[in-house]
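Novice: Sequence:
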Amino acid sequence: MAEAPRILLVDDEELNREYMAELLGERGYRVETAVDGLDALARLKAEPFDLLVTDLNMPRLDGLGLLRKLAEEGLEVSALLITAYGSVEAAVEALKLGALDFLEKPAHGGLGPRLQLAVEQALSRRQLLRRTRSLEVALEPGGEELVGKSATVELLRSKCRKLGPSQKTVLIRGETGTGKELVARAIHRYGPRAKRPFVAINCAAIDRQLLSSELFGHVRGAFTGAVSDRPGKFEAADGGTLFLDEIGEMDLELQARLLRVLETHEVERLGSNQPIRVDLRIVAATNRVLEQEIAAGRFREDLFHRLNIIALQTPALREIPEDIPLLAEHFLRRDPEGRGKRFTDAALTKLAGHRWPGNIRELRHVVEQAVFYAEGKQIDAEDITLPEPRGAALDFLDGGLTLAEIEREALVRRLAQCGGSRRRAARGPCRAASSRRR
Numbered sequence: 022m023a024e025a026p027r028i029l030l031v032d033d034e035e036l037n038r039e040y041m042a043e044l045l046g047e048r049g050y051r052v053e054t055a056v057d058g059l060d061a062l063a064r065l066k067a068e069p070f071d072l073l074v075t076d077l078n079m080p081r082l083d084g085l086g087l088l089r090k091l092a093e094e095g096l097e098v099s100a101l102l103i104t105a106y107g108s109v110e111a112a113v114e115a116l117k118l119g120a121l122d123f124l125e126k127p128a129h130g131g132l133g134p135r136l137q138l139a140v141e142q143a144l145s146r147r148q149l150l151r152r153t154r155s156l157e158v159a160l161e162p163g164g165e166e167l168v169g170k171s172a173t174v175e176l177l178r179s180k181c182r183k184l185g186p187s188q189k190t191v192l193i194r195g196e197t198g199t200g201k202e203l204v205a206r207a208i209h210r211y212g213p214r215a216k217r218p219f220v221a222i223n224c225a226a227i228d229r230q231l232l233s234s235e236l237f238g239h240v241r242g243a244f245t246g247a248v249s250d251r252p253g254k255f256e257a258a259d260g261g262t263l264f265l266d267e268i269g270e271m272d273l274e275l276q277a278r279l280l281r282v283l284e285t286h287e288v289e290r291l292g293s294n295q296p297i298r299v300d301l302r303i304v305a306a307t308n309r310v311l312e313q314e315i316a317a318g319r320f321r322e323d324l325f326h327r328l329n330i331i332a333l334q335t336p337a338l339r340e341i342p343e344d345i346p347l348l349a350e351h352f353l354r355r356d357p358e359g360r361g362k363r364f365t366d367a368a369l370t371k372l373a374g375h376r377w378p379g380n381i382r383e384l385r386h387v388v389e390q391a392v393f394y395a396e397g398k399q400i401d402a403e404d405i406t407l408p409e410p411r412g413a414a415l416d417f418l419d420g421g422l423t424l425a426e427i428e429r430e431a432l433v434r435r436l437a438q439c440g441g442s443r444r445r446a447a448r449g450p451c452r453a454a455s456s457r458r459r
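Counting in the numbering used here, the sequence shown runs from 22 upward without gaps.
Errors might be hidden in some of the hints.
Stated by the list, open to error - Here are the computed distance ranges between Cβ atoms for each label pair: (1) Leu36 - Pro408: 51 to 59 angstroms; (2) Glu110 - Lys189: 40 to 48 angstroms; (3) Ala277 - Asn223: 15 to 23 angstroms; (4) Pro408 - Gln137: 46 to 54 angstroms; (5) Glu35 - Ala215: 49 to 57 angstroms; (6) Gly242 - Glu175: 51 to 59 angstroms; (7) Arg182 - Thr285: 25 to 33 angstroms; (8) Arg182 - Pro134: 43 to 51 angstroms; (9) Asn78 - Gln148: 49 to 57 angstroms; (10) Asp356 - Ala277: 39 to 47 angstroms; (11) Glu175 - Arg135: 40 to 48 angstroms; (12) Thr285 - Pro213: 21 to 29 angstroms; (13) Ala63 - Ile331: 42 to 50 angstroms; (14) Arg182 - Asn78: 39 to 47 angstroms.
Source of the hints: derived by calculation from the structure; they are not laboratory data. Positions of the beta carbon are idealized from the N, C-alpha and C atoms, including for glycine.
Generate coordinates for the entire structure from the input sequences, incorporating the hints supplied.
Specialist: In structure tokens, the structure reads:
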């Protein structure tokens, strides 16, 4: 049997607080109270609630101020705002800050039935929003936004938006686990092909012969086992985007055929000499240094230049430690078993202090594991098992710093690497940028 929803009721007037708590308790809700916005903020940071019901006018921190603080902290809380001094401006501001509803107290009593109905409707809307989000995730696994507030991620997000409407070929470079497919999906989503297919294929995960058939398709009798005609990924992506992950693993023969597709916009199925016209955008990705692969004779230079028209670099987690808590919270919200759970500050600091050689993918696995092992509503530092380090730790993270201090130190070091230039630092890690120029 599901537990009754937990409600945090905030009002600085004791009689009002007790009256509303009794009303909601009669409906079977589990109600807890706070005396003002600061008290409520501390409670919401410490434990999860299904609904926040808060008065508008309070000392120390009022209702709107509480909603602003929750937004700044990145805490998603369904809220219902109540006031005896209603105004259009306050209502609009509350809704902008994420409140589900705005309820004005009547001048002469009669709040009870209205409050009970408003709470019931707010909880229903909250449940509907959560179901909608779950469906969106199920229908479009890669549809989420790029997560992060660092200058590096903000710039990457901006570039994806700018690239979306264009038809230029894009090469995404970055270490394993840094979200290269997520970037490719973002480019697709921001462009005119968004409602057309996004087709992804990992060139390293498929045998060479099978990869040729997967990409170009085949006709009946083209090889043993080809019992019928079959279109390939190029045709499947017609009108949309084809994402070629780990393009550096493709053999030279297939590279030549891919180059021809880029030049002619035509494909030929295996066993056929009949060209098929395709209209698609190519986005490729690699964790290899393709310039070195060219020098070693393993990658065609002409194909590299056709793919590298626009180059993007996905950052390693060690380059954006300030985004690690945001990513951890993001993975927690997306985990069905993580609903209602919350990281403590100690847990987030522990996550932010790790070097993460496996990058975002490794962080996600650690969060999923922590969700499984955490027994209560809070995930603390001892619930987190970090993977064994495969490189030197970031020395400034060894001194028990707070998250704010970690972010500040990361920014200071980024500026130092970029010779004190804020403009260069905002573009991302300067060492990575210089390596791309070579």
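Novice: Against each hint, give a clear statement of whether it holds in the structure.
Specialist: So, going through the hints one by one against the coordinates:
no.	hint	in the structure
1	Leu36 - Pro408: 51 to 59 angstroms	holds, 54 angstroms
2	Glu110 - Lys189: 40 to 48 angstroms	holds, 45 angstroms
3	Ala277 - Asn223: 15 to 23 angstroms	holds, 20 angstroms
4	Pro408 - Gln137: 46 to 54 angstroms	holds, 49 angstroms
5	Glu35 - Ala215: 49 to 57 angstroms	holds, 53 angstroms
6	Gly242 - Glu175: 51 to 59 angstroms	holds, 53 angstroms
7	Arg182 - Thr285: 25 to 33 angstroms	holds, 30 angstroms
8	Arg182 - Pro134: 43 to 51 angstroms	holds, 47 angstroms
9	Asn78 - Gln148: 49 to 57 angstroms	violated, 30 angstroms
10	Asp356 - Ala277: 39 to 47 angstroms	holds, 44 angstroms
11	Glu175 - Arg135: 40 to 48 angstroms	holds, 43 angstroms
12	Thr285 - Pro213: 21 to 29 angstroms	holds, 22 angstroms
13	Ala63 - Ile331: 42 to 50 angstroms	holds, 47 angstroms
14	Arg182 - Asn78: 39 to 47 angstroms	holds, 40 angstroms
Figure legend: structure checked against the earlier numbered hints; the only hint not met is number 9.
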